[in-house]
Amino acid sequence: MSLGLLSLILLALAVFGYVLGRRKAVGQVEGDIRKLHSLPPFYGRITALLTAVPAFLLIAVWLLAQPLFLESKALSLINPAELPEGKSAELVMADVRRVANGLNMLAARGEDVTPLLASPSALKSALNDAGVVLETEPTPSTLAATAALRDAGKTSRLTMTVAALALALGGLAFGISRINPEYRARNATERFAMWLLMGSSLVAVLTTVGIVASLLFESIHFFRLYPASEFFFSTVWKPQFGGGSSLGILPLLWGTLYVSVIALVVAVPIGLMSAIYLAEYASKSTRAWVKPAIEILAGIPTIVYGLFALVTVGPLLRDYFASPLGLGNSSSSVMTAGLVMGIMVIPFVSSLSDDIINAVPQSLRDGSLGLGATPSETIKQVVIPAALPGIVGAVLLAASRAIGETMIVVMGAGAAAKLSLDPFEAMTTVTVKIVSQLTGDTEFASPETLVAFALGLTLFCLTLALNIVALVIVRKYREQYE
Amino acid sequence: MTASAPLNPRAAHDTRASLLVQDPRTKARNATEKRFRAYGLTAIVVALLALVWLLISIFGNGLPAFKQTFITLPVTLDAAVLDKGGKRDPADLAKATTVAYGKLLAKSLEAEIAAKGLSLGAVKPKDLAKMISEESPATLRNQVLANPALIGTTITVNVLASGRIDGYYKGRVSLESAALDKNTSPEQLALADQLKTAGLLSTQINPGFLSMPDASDKRPEAAGLGVAIVGSIYMMFVVLVLALPIGVATSVYLEEFAPKNKFTDLIEVNIANLAAVPSIVYGILGLSIFINFAGLPQSAPIVGGLVLTLMTLPRIIIPTRAALKAVPPSIRDAALGIGASRLQTITHHVLPLAMPGILTGTIIGLAQALGETAPLLLIGMVAFVRDFPGVPPEGLFDPASALPVQIYNWTQRGDPGFVERASGAIIVLLVFLIAMNAVAIYFRRKFERRW
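Chains as they are written, first to last, in this note's numbering: chain A, 647 to 1128; chain B, 144 to 594.
A hint or two may mislead.
For lysine-lysine, the following PhoX-like pairs were computed, each having C-alpha atoms within a straight-line distance of at most 25 Å [as the list claims (entries may be wrong)]:
no., chain 1, residue 1, chain 2, residue 2
1, A, Lys1026, B, Lys177
2, A, Lys930, B, Lys177
3, A, Lys937, B, Lys339
4, B, Lys403, A, Lys1122
5, B, Lys177, B, Lys269
No wet-lab data here; the hints were simulated from the structure. Remember, predicted model here, so these are calculated numbers, not experimental data.
All chains should be built: construct the whole structure from the sequences, respecting the hints.
Here you go:
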């Protein structure tokens, strides 16, 4: 039974539960609803909730967890002696999964797949036709594992459907059985809804747990294969397909910091000065259109900036600055990425600074102006010092954005890991390498792929630290004037 | 009386002769003031110029993608070539490959050129086929397979010209560059000019850019955004269905029910942090949890949708909480006072009043999710997908592309025609974003209440 149909049936059961619950409650008091504890819809609602919610939760948990159980069974069928040179059982499992998915696809089209499982060559060509390309013919143990996986998948699907329906019917029966005029249906509904609300708010916590767990888990894997001291202190980044790679993070960190610094050098003066002008000088009508116009820059997707760097800014810098001055002839460079990223970051600096400057009490300005200072002297000597912690916070937040930015550097900064001071040279960053290591063709279990998780962990910690420092600074400052 | 200190300390060095003339110090201070204002104004102008430059560059590169060079010519669908069995049997018809259709098109073009009295010039007949896109024979073949009755008749077809010819009319290819290019020649371009005067070749609006799937590396003229748009819509559907209820439920819990304790503090800190986590980290999360752990298929809109849901949640929760906070407590007190339960108070009064704010936040969150690229790269959405995904819910598990990823994909290809396609795709993306933001602004203007 397809997922869509199952969901529809469960929803229909819930509606049925609502009608039944409501009718039973009203029936028990012979239509005199004054004798009920709650209004009739509450009796329907609690029954419907008890019918649908546990069943849907079961399906969600089942779908997320079932591969764990299915694959352990199939994995045990793979004969270790048949493993190709240098391939782990997990890798063969990936093949098994692909073959099984391909077969399911064929079966869904109404083709008979049983004879295919008997002959590896026919299977390979049939799958190739269906768009699932296999490098080699599957070995007998792979085939056995595939068959087991498909069988287990079918059984699991069936069990899940039956279990979900049983749970729904059970919930329905339980809900109905509890209905009597004294039953506090309203309170029960509220309690149920409350648990649902609380459960939803756990999603945020679970996301963080998921991020940290996935990063940590695979990073530990990586550090088992590759020494941590090498990773953190080596100045060479040279991944190699055959193993023996040097995976030092320092050149990547250098590229990241270099690009971010250029971005901030562009964005901070422009952003801060626009914020000052908008907050202190601009008329209300100017402010009304200039502020949203600058904020458009923040709403433009980063892929747009990436393309801008790739086709416009990069060639421009190369043809008019770098080449004539003999500084290099690469269109992707630290300068390109930094400049474009600077444009992207302007609104982060300007919006936050604008808010903070506006929060400086007017009395401070009035005092300074009353003593005879010009507006610019007031700004420089009174407003900015008062707003400084907040502005620093804004700059740190902008820096964290710049460090975590991916698309601009992927398309504008280049791919060569270098420790160089020349801003017109192509360099690479942590985020670029996460993308290239995880979208490459290397084996998942190799250090060349797993290094991406260690890079991700470093990036996560770096941005988290910056954000926390920024938030602490901003919060501290806010307390001063409130 | 000691006369050491003068009565007026400034009198000693006050050289001012008149109130009407500024002294040098005042002049300097006023000049600084003017300069400072000019800096501010310059900063704003620079920021706005950057925006304008960005938009001009994208639109300048991208607008040509919506137009395409077509060759219009009559083609006789010869039964002897296309249906050797003569029985219009679909299995027989399928035996005629695109190569046969390609030859047919080339022949028709040659005949048509002769009929119009044009000379081929130095173009060899075998190079004539190269002026037609490699995609066109396949399109014609599909048309015939769908309607076998066409065989034997003469139909007028509108076929795509090759990418180089198209580039010639868009200024990407010149006679000089064509001389160095093995895919075209100056003679072909000269012939194309003749065809244009004869009315065989024309530049028209290209609806295929929005409806066709992606095309291979050598056929930029045939590449379209169809699959990417469908994939993006599927993902936005998943995000809306999951993120809106979960986001609103979380916000309601935190704003209306949650007691102040360690647990709710933890949730709040979490949400604040999640909003600032770099998007690529969500990609890593999606790869290791949804694909490697839960075994969901790569390149599927459901995985993209789930990852984007997690990313969008904090962006929905933060404005939703602000909207809930803005509803005055007196409304809650009144509802509770006449006997409504807490949940009734919220569903009957607080949520409807906060709805404009919630919807605005949701739409803006969705718009951000729509343009997000980096996490999708890691979950395999960069794959080359030509088949449209099926109907949801099963279609959510089929491979698909997405708008921003398609753009990235096109920028990584060799043929310069794809830069135009990528910029055109960005225009499509920006149109979607502008539309969504316009709806959000409309909601805010129309329904927002100040208490």
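Outcome of the hint check:
1. A C-alpha spacing of about 14 Å is found between lysine 1026(A) and lysine 177(B), which places the hinted pair at or below 25 Å, so the restraint holds.
2. Restraint check: the Cα-Cα separation between lysine 930(A) and lysine 177(B) comes to about 20 Å, which is no more than 25 Å; the hinted pair holds.
3. For the hint linking lysine 937(A) to lysine 339(B), the alpha-carbon distance of about 49 Å lies beyond 25 Å, and the restraint is violated.
4. With a C-alpha separation of about 21 Å, the suggested pair lysine 403(B) and lysine 1122(A) falls inside the 25 Å cut-off, and the hint holds.
5. The straight-line distance between the Cα atoms of lysine 177(B) and lysine 269(B) is roughly 71 Å, outside the 25 Å bound, and the hint therefore fails.
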